[in-house]
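Please model the entire structure based on the sequences and the hints provided.
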Amino acid sequence: MVFAENKRNKDEISREISLKMLDEEWAAIPQEDWNKPATMSGMLSRVGTLPGYPFIVKVNPAYWDKNRPKSDIQFIYLQIISNRQFLKNRTEEYLQKNSSSYHLARFEESLDIEMAESLLPLVTK
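Per the numbering used here, numbering through the sequence shown is continuous, rising by one, with the last residue being 125.
Since the hints were derived computationally from the structure, they do not count as laboratory data.
Any given hint might turn out to be false.
Unchecked claim - Listed below are the simulated EDC-like cross-link pairs for lysine to aspartate or glutamate, each with C-alpha atoms no more than 16 Å apart in a straight line:
id: 1; residue 1: 88; residue 2: 109
id: 2; residue 1: 20; residue 2: 33
id: 3; residue 1: 88; residue 2: 108
id: 4; residue 1: 88; residue 2: 65
id: 5; residue 1: 7; residue 2: 33
See the structure below:
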């Protein structure tokens, strides 16, 4: 996908440099790592195999229940940011600027890893 995205770049010089860098990055991945789970540990391509980084996954289209209305929520992704001061500052800034993202910022500020871990038994059945 990253190669295809860069091939669509209309700036020929930028496109050629990016594709060359992608080729070099992929060539540097040892062959024995090609069958390991992909993680977001790469540089330009964002693809690597280093442990401790989020996995790159492809959604299985068969997972979705196509009989449900499009308005039904079938998947929720939440990013939990551990920098509490950043979240607090952002929420205050959004409130001061009357941002439409204020309520989302308040929600994100309320999330923490302990709460997420407590939900695991409910979603891993």
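(message) Given the hinted pair residue 88 and residue 65, is their Cα-Cα distance within 16 Å?
(response) 38 Å, violated
(request) Starting from residue 88, check that the Cα of residue 109 is at most 16 Å away, please. (result) 7 Å, holds
(message) Check the hint pairing residue 7 with residue 33 against an upper bound of 16 Å on the C-alpha distance.
(response) 25 Å, violated
(message) Checking one constraint from the list: CA of residue 20 to CA of residue 33, max 16 Å. Satisfied?
(response) 21 Å, violated
(request) Given the hint that residue 88 pairs with residue 108, test it: the Cα-Cα distance must not exceed 16 Å. (result) The given pair, whose Cα atoms are some 10 Å apart, holds under the 16 Å limit.
The structure shown violates the earlier hints numbered 2, 4, 5.
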